[in-house]
Structure formats: structure tokens, C-alpha cells
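Position chains B and C against the provided structure of chain A, taking the given hints into account.
Protein chains in written order, with this note's numbering: chain A, 493 to 756; chain B, 8 to 325; chain C, 353 to 728.
No lab work stands behind these hints, which were simulated from the structure alone. Source: prediction; values computed, not measured. Please note that a few of the clues may not be correct.
[Said to hold, decoys possible] Quick partial rundown of chain A residues pointing at chain C, CB under 10 Å, derived from the structure:
no., residue
1, Asp-649
2, Ser-651
3, Ile-652
4, Arg-665
5, Thr-666
6, Leu-676
The C-beta atom is built at its ideal place from N, Cα and C for all residues, glycine as well.
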Amino acid sequence: MKKFGNFNILALVIGFSFLYIPIILLILFSFNESRLVTVWGGFSTKWYGELMQNQGIKDAAWVTIKVAFVSSTIATILGTIAGLVMTRFGHFRGRTLFSGMIYAPMVMPEVIIGLSTLLMFVALAVDRGVMTVTLAHITFSMCYVAVVIQSRMSSYDDSITEAALDLGCTPFRTFILITLPIILPAVVAGWLLSFTLSLDDLVIASFTSGPGSTTLPMKIYSMVRLGVTPEINAVSTILVGLVTLGVISASIIGRRQKQNVIKV
Amino acid sequence: MGTSLCGRASVVTIMKNKQKMSSPFKSLLSGRLAVIAIPYVWLLLFFLLPFIFVLKISLAEPIMAIPPYTSLLDWGDSWFPSVQASLESYLFLFSDSLYIKAYLSSLKIAVISTILTLIIGYSIAYSVARAPTRWRGILLMLVILPFWTSFLIRVYAWIGILKTEGLLNLALMTIGLIEKPLIIMNTDLAVYIGIVYSYLPFMILPLYANLEKMDMSLLEAAADLGCRPFKTFWTVTVPLSLPGILAGCFLVFIPVMGEFVIPDLLGGSETLMIGKVLWTEFFYNRDWPVASAVAIILLALLVVPIMLYQRSQEKAIS
Amino acid sequence: MSETLSASPWLNSSEKPYIQIENVTKKFGDFTAIDNLNLDIYKNEFFSLLGPSGCGKTTLLRMLAGFEKITDGRILLDGEDISEIPPHLRPINMMFQSYALFPHMTVEKNIAFGLKQDNLPENEIRQRVEEMLELVELTDFAKRKPNQLSGGQSQRVALARSLAKRPKLLLLDEPLGALDKRLREQTQFELMDIQEKLEVTFVIVTHDQEEAMTVSSRIGVMDSGNLVQVATPTEIYEAPINKDVADFIGDVNILQGVYKGQNKTGTQLESEDSKSIVFATQEVDASPGDMMWFAIRPEKLEISKKKPSDNHNILKGKIEDIAYGGSFSTYHVRLDNGRILKAIRANRERTEEHHLTWEDEVYLQWAPHSAVVLLS
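Next up, chain A with everything else stripped away, as it sits in the complex:
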């Protein structure tokens, strides 16, 4: 019985083509001399040059990075605590609601999350800006982090925590000295995930941002509504490139770590 047969190879080839051809075309046409998508005017980096001149994009990028850094750091802290609470604290009153609040944002349509968060800010007369976007991002990112940590803890050997307690270590110190170092790769993965989600978010940011806090996705979206331009391709290519670098390096680090540490 063939384990990895022709059907499998075909599925993978077609599947990966489907996944990557649009991205590759996107990158390709960012270097197109001509403005038109269907006409190749020759290789040119002029759109990247124009990009560097575009203050609107640069401001938006800066806002986006700020928001992403702050929100992912806080989301990682909150999400790690939430993940530990879900797996280590057993049953407590209100646990079902807590669990619901962790899983719901992951599937809930973004328009609902964006609208609801904004309406609350308006009702409480909170000025919309970088802070409100950050708060909204923290809220949904922490849920993803919580799930990542939860998944990590489900394969965590409890007796290690008990051994530390048994040897005289207080619960808090046990977390710092033992648990955290061991689950650190998952925490870092959670941070990266939050960062990406924040970087990428369009809908929620559109609802919760204010004047002067336009994020990069919002800027790109407004440009896209006006039509396809290679400038958009250029900014997209840069983002894709950065993300690819990040994912590849994370994957290499992850592989090297696996060789060193025993799976606990």
C-alpha cells in the first residue's frame, strides 16, 4: 500500500501553487516599470522609491509597529496568565464564562468585535487613538496566546511543578524558576502570533482608531479602494519579506531548540 502516492504529490503541488502563485505575482509586479498589471514594462524599483517618499504610509507603519509591540507584549503577559489559569487552576466559579471569553474572540467576526469595542469607548467618552486600538488588539490577541499556552501546558509534566514545591520552592518562585523557562518557546510563539495579528488587523483598527492613528492596513485598504497600484505591491512585498524572514528564523531556532531540550 503506497503511503505517499501520486495523489498526495498532486494535491501538494496544486495546493502550494494555489497558495503561493498570488503572492509571487504580487512580488513580481512590484518591480514592474509599468503601472498596469498586465503589461510588463521592465524591471524597476521606482515604486519602492515612491514608497519611501510617501509620508502617509511611513506614519501609518510607525503607528502600526508601536501598537503591535505594546499590544503583543501586554497580550502575552495576560494570555500566559489566562492559559495557566485554564490548565492549572482546576475548577473555579465562573470558569465556563472565562473559557467562553477566551475562545469566542478567536472565531467571532471582526466587525462585531470592532463595533462593540468602539461603541463602549464612545459611550465612556474615551478619545479614540493609538491607545484604543492597542487596547482592542490586546483583548483579542491575549486569547490566541492563552490557547497556545493552554496547548503547551496540556503536554507539560505536572510532577515537575510538584517536585519543585516538594523541594521547598514557593508556588510563585516555581513559576519563575521552573515553569516559565520550560514553556518559554510557547510564550515566544504567543508573542509572535500576537504581533502578527496586530500588524495585520484591518477591521478592528478601522473601528477603534481615531485621527492620527491610522494603521498600515487601514492605509493600504484606502489605497486599494482607489485601485491596484504597484506601490501597494511594493509595500506588500516588504511586509511579506519581513514576515518570511521572521517565520524562517523562528522555525530554524525552534528546530535547534528541539535538539537540545527534552520534551517535557
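Same frame as chain A, but now just chains B and C:
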């Protein structure tokens, strides 16, 4: 002798500690409560509480003011405020067939996209799971990579391809398969392509996680008992991968119901999706009460699937 | 070596127990895991909690460690009530079944961990760690990480780590379960040596009755949350308190009989199988006609093709199965009424006279002091 001294010293220490703390377990307990409270309160404030505001505003009337809706409680001159609630927005939604059509259309698109994504996603996940071990890591990374790339960018990439003057038509016409360009852009078809493309990683990951852990010896046992590969697939592999299938379907169906970006960029004016409707009501019509009512109804429709999803995930992890 | 009173502190009424488990109950929701259990363990004992899975032995151990809260009752250590004290404040250490070595620390750091929590001075920690490494013979492995150790080495690091703080009580949760047979036997003796040398009280949980018999000063046999019998290995084997204990430890033949009375030989029972009178030396308080059981260990059944000269304690049957074990053989003998008894005989001779084979008609006999009368 040294050991017995140590022993006595540790017992004395316990006695001292006991006098300091009335009940060591209890102090641990209050610390525990504080730890639970930190993420709990945050989520209550920033996730749950907003829904109360959506409900409140859905019962208000739109006015030309900032904020553009009437307040729920009118204090007026008396001690007790009167409640100004109006079901106008909800009645409006039910009376105008556009909205009902939008909900149904969203449901249709969500169901069809989920099925399409399942078929394609399962094939890819299955093939990666069956690939030689040394390839699996790289293949999986290649699957996840687009996921880390911006959603918006990936949808945008399709515009250039599906446009009437786009690359797909150019390619097909150059090969000679068609004479006139296909109108795909701004149709439901483009939306389907966009949704399947964007949500594929969400389907593949839980499927793969499940298929990878599958005990190969079960398939071998089936073969040993005379079952053909095709039948084994349907009677053994698929039922065992059901948790992954469910998770993937939830992860696609529920968000697609309220999807906005894809129908907005790739769909046409006849593409009715409730996410787009909500956006239009809020940003263009500036009708916050109606937008809120749309959100409440959508939420009501999705509550059950969301709870099912949560339950399935809790079961999977425990 | 005769058993002096100091070697059996439980026999000495003036000796105070080191651990007192008083009326302890543990419930998980509706399920009662430990039911009003009372147990005294004395200093320097090597005490085993033995029983089938689910009997509650591990739960009891974890309550001693502080990882499970006691539903009702209390536990005293050297006179102090430790029931409310959290695990990190008890002078008790535990060796875990999974070893639970900290994967991100070297062997040295693992062993030093507990000492660091007590804020001992650096050089004292270093000295103690060296001592421990010598004790378990792993001095060359100090700088290794847990993923570079074999199963046996990991186990010894876990042991060294749990003894580093010189606890007065060490709890061991199925410590030898993951080792292969030869390593297990070797480690059993090493554990006993270490326990004697360091004068630490050991409480060990195991489901392996051979292990319990080898290492223990006393064994507590548990079943469904209750202590069934607490006694020395010899007493448990030779004088089990009921059929369950008799059956759980080693092989045993349990036969039914009707009480007839006492005479100078001992208790008279009429065997249900042979309808003949059998004797057991122990005295039993019962009335004639009462139904009871008597247990005979297979090695105490004399098996022979020749009819014994005296007439008591004899059963007749046919050999149905033989399990050859090299140094001894186990014979499955089917009695005339259908019941099968097990007899073990050392293969001391190779002559034809002693050779037994399938279908042989044999006589089983035992001495009166070899049987144990069981009332339940």
C-alpha cells in the same frame, strides 16, 4: 547526630511559620484569586461589557449628534429616569428584505466556502501528514507561511489576477482557452476564491494536527482485515479525524459569516454579506442603532456555533 | 539475627509513632478514595503501601506530601499536625514516578535546587551535592542534562535530589516501575542500604508485591481506600488476614472447610473437597458448623506419587499441567472433585523416582502448621 539536629530545626521552623501565618493554604488561595482576576477582569471589561453597549445602542434612535444616537435613560426633571428604548432598528431590519437576504446570503456563502475549504484543506493536510517525516516540517512551514502574511495583502493579490484586465484572463487568452475575458472580479465566484484562499490555513492546521497524531497501526489493522485503501479512508481515517474537521469548520464558518474585507474588495454590489452591511450602516449611513441591531442579530445566530466550538476545544485539550 | 524490640518499634508500646495518620478521609466529589484510615509509621521504617491500582495508595502518599488536601482527619509528623501545611513548607521530600527532573538544569543544579530554596551557604551546598552524587555513584555525571541520562541514571538523580535536604521522611511513588527486572532488583538493595545509612524513614508506594516483600520493614495492604492489613512481610505472607490479602501476595491455594472443633493438634475442619478432616495449628474462635477457609502456599504442599503413611491433611488428584521453571516446577493438580491446586517443588533431584509428569496420580499433603485458617 547532625541530621537529627537538622530535623529538629526544621520542625521548629514549621512551628514558627505556623505562628506567622494562620493558615498557609488560605494565603495561597487569595493569591490564586488575584491571578485569576487579572485576565478575567480584562476580558469582562474589554470583551463582554462592549456587548452590553451594542445592545443598548441597538435600542436607541439615530440622531444628528455626537454620539449619533439617543441615550437610553432620559433624566429630565424627575428623580427616576425614563427608559427610552425603541425597537425601531429591529423592526426596520425585519421589514426591509435586504437584511434578511443578506443574512441568508451570508449563510449560504459561509456554508459553501466551508465545504470547499474542507475538501481542499483536507487533501493538503492529508498529503502533508503522509509525507516522509523529514519533509513534513518544511511542508508545514510552507503552509503556515501565507498565514503569517497579511490577510489584506493576500486578498489584494487576487484583485490583480481576477480583474477583467487581470493576469488570469491574460494567461487564458494568451493560451487560447477563451476569447473574451471572463468576468470573475466583483462576482460571488471571486468572493469564494478569496475566502477559500484566505481561510485555508485555518482549516489545514487543526486537520493536520489531528491527522499527524493518527495511529498508523489502525490503518494497517484495517488492511490486515481485508479493507481496501479507499474504504479504509472513509471508514477509519475520516471518522478519526472528525475533531480536526469540526475545529477547522468552526474556524472557517463562524468568521466567514461576518466577513467584510473579502466581499468588499472582491465582491460586487450584488454580493450580499452581512459583514459588509454592518460596515456600510456604520461608516456610510452613520446609522449606529441599525448597525448595532445587525450585530446583535448576527451574534444571536452565532452564539450556538461559538459555544459548540468552545466546548469542542475544551474537550480536545483535556 | 533475632528481632529485637528496637528493630520492631511497632511492638514497643512506649515507642511513639513518627507519622500518625488519624481518621483520614479523602473524597473526590462523590467518590471516596480513602475511607477513615488510621496508620502509625515509626521512625526509620521502610514502609510499603501495597495494593492494586485504584486502591488509594498514591492518594495517601500525596496527602503525606501535601499535594492533596485532606477531606477529614489529620496527619501528624513527629507530633506536629501538618495537615494544613502546604507542600513547600513540609520537611518531607518525594521521589516521583516520572522522576520529574528539571530539564533545563544540569544534574548538579537539580540536586542543589532544594538546598538553594533553604538559602544555605554556597560551599555547604556544593559539599552536600558532592555527597549525594557519591551516594548514588554519579559523580562523573554532574554537568550532564537530564536528556543525556539513561533511565537508571535519571532515577538515581531523582533519588539524590530528594535526599539532598536530609528529609526526615522520604516518599517514593513507584520508584522502580520504569526499570527492567535486573536493574530493579539491584536498585532495591541499594535503596535499602541508603535508607539504613542515612537513617531516613521511607514510605514507598508500589503495586509490585515482590518488591514490597523485599524492601519493607512493614507492609500496609490497601484495597478500595481501606487498610486491610499492616504487618511485616513474613506475617503478611504466612498469616494473611483474609482471602483477599492471601490471594494478592504470591500464589496461594484457598480451600473451604466446615469448622469441627479444636483438639491438641489444632483446629479441625472438614474439607469441602475431600470430605476428610484437615488440621491447622492456629486457634480459631468459632462454632461447629461455621464455614471458613484455609490457605496453603504452593511450596508447602508436598507432592508425591507415593501415598503418605499418615492419614491427615491429604488430597488426591491428577497432574494436569506442569510449568517448568528451571530451579523449581509448578504443578497444577486437578482433584477428584474438579478443583485445581498449585504445588511448587524444587527440582532437586533428577532421578526417575521423583520425576512427575502429566496424568500422574499424586497425593498432596501439608503439615498442620503450614495452613492458615481464614475467617473471611
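Quick rundown of the hints versus the structure:
1. Asp-649: This interface hint holds because 6 Å falls under the 10 Å limit.
2. Ser-651: OK, holds: Ser-651 (chain A) within 10 Å of chain C, min 4 Å.
3. Ile-652: Because about 5 Å separates Ile-652 (chain A) from the closest Cβ in chain C, which is inside the 10 Å limit, the hint holds.
4. Arg-665: holds, 8 Å
5. Thr-666: holds, 8 Å
6. Leu-676: Given a least distance of 9 Å, the restraint on Leu-676 (chain A) holds.
Every hint, counting from the list given before, is met by this structure.
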